[in-house]
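S.K.: As given, the protein sequences belong to chains P and L, one line each in that order. Anchor point for the first sequence: position 7 equals 7 in the numbering used here, and the numbering is continuous, going up by one each time. Anchor point for the second sequence: position 331 equals 1331 in the numbering used here, and the numbering is continuous, going up by one each time.
By construction, these hints were calculated from the structure, which means they are not laboratory data. We treat Cβ as the ideally placed atom computed from N, Cα and C, and that holds for glycine. Incorrect hints may have been included.
To be verified - Output of the computed footprint for chain L on chain P, the stretches with three or more beta carbons under 8 Å from beta carbons of chain L:
1) 32 to 44
2) 84 to 91
What the hints assert, rightly or not - Label pairs and their calculated CB-CB ranges:
3) P:V89 to L:G1053: 45 to 53 Å
4) L:K1486 to P:E98: 33 to 41 Å
5) L:V1457 to P:Q21: 49 to 57 Å
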Amino acid sequence: MADHDAKPENTEAESKKADSQGWADHPVFVRGFLWMLYISCALAAGAGFIWQKKKPHFELEAFPVFFAIYGFVMFALIVLLGQHLRKLVGRSEDYYRERE
Amino acid sequence: MSVNSLLAFLDNPGIILTLGAFLTVLAPVALRRPIMLGVVAFSAFRLWGMEIGDSLAFDLFGLEIMPIKYDVLSRLFLVVFHIAAGLNVIYSWMVKDRSECFAALAYPAAAMGGVLAGDWITLFIWWELAALTSVFLVWAPQTRESYLSGLRYMSIQIASGVILLGGIVLVFREQDSLAIGTLSLRDDGGNFNIAALMLFIALGIKSAFPMLHNWVQDAYPKASIGGTIILSVFTTKLAVYMFARVFVGTPELIWIGAIMTIFPIFFALIENDLRKVLTYSINNQVGFMIVGIGFGTAASVNGAVGYAFGNIIFESLLFMSVGAAMYRTGTSKATELGGLYRTMPITLFFCLIGALSISAFPGFAGFVTKGLILDGAAEAHNLIIWLILLFASAGVLEHAGIKIPYFTFFAHDSGKRPKEAPVPMLIAMGIAAFLSVAIGLYPQPLFALLPHQAHIVDYNPFTAYHFVEQLQLLLFAVLAFALLIKFKLYPPEVPSTNLDVDWFYRIPGRAALFAVIGFVVAVWRVVWGGLQKLVSSIVERTYRTHGPEGALARSWPVGFMALWTAVVLGTALIVLFLSQ
């Protein structure tokens, strides 16, 4: 679909932020989502002690919460370290437009 | 060629869709999309009638050319390519642009023709047609940016084709056959086989190996909305298919694939254009497939090609949902989107299914096949690769599983209140979402398409342990995201251009090219100027001698001539006298 075919909508609404608060912004939803996440994480971690691989290929796999720790740490590392890449490679939006 | 042979030659999805593409161009505007859908359906119907082992070969100048070689591997890719082509026709139902409609059939046709190719020459022809037809999708927006990007894209694709052709010539010289078969990258002495290496590089360009990857980010996000989705499917997956066919079990692929899974994660994190984020996701996802092919075990190859099948559907779904947001708002930039969940809830729902699938949450498509690739690393007792793939799984969740839905539909409120996506877009996304869930819950039909059936019958992705490890990995990664947002440690999106490998050929490369052109022009001017001066001087001298005023044009008396005749004759007489 050609980009020029796109039909931007709501140009009026865009000028002023809608005053209605969406369900996802409601503190009850946010709190509920977070609690659900905490409980799910706790259950998944607990399940690691119950169901373990019978024949693990690596010793790490035998550690009941290895995947939980690895997932948490790696995700945090990606975000906390990765954002510094912007300092190295980040340029203005028109960088190429001005040079080509 | 007999009538039966001609019919057999035409009974090829590549040919059917190509003819359909021309028919579409000639059709009235209102009939274009229905005809396109009909052509894809007809091609799928013909595919349904094909039997494993079907082939078509003929002799050309003493060489065996095999346009059709249908086996279990080609079947899997042809099935999913038909699904993708059909979904794209529906998704872009409103687009009637002639060149875009043509490319939307001709480009998948080229990819399918390549999948069916049984010899290298047939593959080369489809390979180049894929490059030539797909560039129309990049050019579709008709902006200067897309035009320049399309030129760069075509240059790289054609370079891949030229290297492929070089490799084909060398392979033919070695094997005296053009049949596509497995090749070893190294000879018995451990040295690189140049012929195989050239083919490896040609495929590597198409599958976007590290450092050869940036044509994807350069071209795909500049294409039209529907064009980006089509582009995301075919070229890289055709290359994956060829790797599975030719270089299965090549150990170099393991590390190349592992690097492919890692580096896009960081670029995707800082990228503002969400369509570009998804192009980095293509690199990452193809990396998983390349690793699986590199291990070369029955399980890992099943995992790689099965993952390709699922990925084509759920990656398309993500592109479609971002495309729908772009269609309604005119932008795909994270800084200009956000808060769309209020008015585009159905698109959000489909996007979340795509996000859960690509993240390999239990019950979704990615879960049932990614485990096979990870098992391949575990069975090979390759701890580092196994850890890298787990790391990359967390990275997929970050950029495709969370960033895409979060910054499109939630995050800050952009104030935009667009309408829900058009019905054709919703239908296409709905089908893709349904397939993503269906494969995740009931993978047996996909498993039946996998090449190593003996292995897959023993594989059960729904073990308690598999659930637990995957849920731990993903839920705790989501927890990390939630905490980073809560403590304002997640980097805000910034409107920017992030330099990647393409910088080398777009800035210094371009400057070097202009310098070379300037030098050649200067040398030409000097040489041509000197030559012009030399010719002018010869003409001038000749004119001075032979022109109307020249010495040789003067009139001489008859006596002068008689005198000279006497001198010449006298000289001849003396010479004759002396010689005797």
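S.K.: Please go over all the hints and tell whether each is borne out by the structure.
M.R.: Going through the hints against the structure:
1. 32 to 44: holds (count 6)
2. 84 to 91: holds (count 5)
3. P:V89 to L:G1053: 45 to 53 Å: holds (50 Å)
4. L:K1486 to P:E98: 33 to 41 Å: holds (39 Å)
5. L:V1457 to P:Q21: 49 to 57 Å: Holds - the Cβ-Cβ distance for V1457 of chain L and Q21 of chain P, about 53 Å, lies within 49 to 57 Å.
Against the hints set out earlier in the document, no violation occurs for any number.
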